[in-house]
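Kindly generate the complete structure, drawing on both the sequences and the hints.
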Amino acid sequence: RNPTKKAPKSTSSSTRKKRIKIIPGSLPPPPNWDQTYKLVEELRSDRSAPVDTDGGEELPEKHLGPVIYRFQVLVALMLSSQTKDAV
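Residues 1032 to 1118 in the numbering used here are what the sequence shown lists, from first letter to last.
The hints are simulated quantities; they were obtained by calculation from the structure and are not laboratory data.
Check the hints yourself; a few may be wrong.
Computed cross-link-like contacts, SDA-like style, restricted to lysine to any residue with a CA-CA straight-line distance of at most 25 Å [unchecked claim]:
| id | residue 1 | residue 2 |
| --- | --- | --- |
| 1 | K1052 | V1104 |
| 2 | K1093 | V1104 |
| 3 | K1093 | S1079 |
| 4 | K1052 | K1069 |
| 5 | K1069 | P1081 |
| 6 | K1093 | Q1066 |
| 7 | K1052 | R1101 |
| 8 | K1069 | S1057 |
Estimated spans, in silico, between C-beta atoms of each pair [what the hints assert, rightly or not]:
| id | residue 1 | residue 2 | range |
| --- | --- | --- | --- |
| 9 | L1110 | W1064 | 19 to 27 Å |
| 10 | S1079 | M1109 | 17 to 25 Å |
| 11 | V1106 | K1069 | 17 to 25 Å |
| 12 | S1111 | N1063 | 32 to 40 Å |
Backbone N, C-alpha and C fix where the C-beta goes; we use that ideal spot for every residue, glycine too.
Listed below in structure tokens is the structure:
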């Protein structure tokens, strides 16, 4: 066997499958998503979390457009839930 040659790649079923691209809006929403959303709105209505007063509003960049702004707000909120807020 020649050590400079690479072994051919396996074509068995153990190889990784190509990921399917999901187009936004092409999948149905999860069941009861609207109830969950309404609950989140209710819980956040008083704006009493430290993220509301400690500069969290500075992250999103409105000048980049509404899509980027909403994405940045979403990421900030998701990361905020992973941190220990001040008591």
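Evaluation of the provided hints:
no. : hint                      : result
1   : K1052 - V1104             : holds, 24 Å
2   : K1093 - V1104             : holds, 10 Å
3   : K1093 - S1079             : holds, 23 Å
4   : K1052 - K1069             : violated, 30 Å
5   : K1069 - P1081             : holds, 21 Å
6   : K1093 - Q1066             : violated, 28 Å
7   : K1052 - R1101             : holds, 21 Å
8   : K1069 - S1057             : holds, 23 Å
9   : L1110 - W1064: 19 to 27 Å : holds, 21 Å
10  : S1079 - M1109: 17 to 25 Å : holds, 19 Å
11  : V1106 - K1069: 17 to 25 Å : holds, 22 Å
12  : S1111 - N1063: 32 to 40 Å : violated, 24 Å
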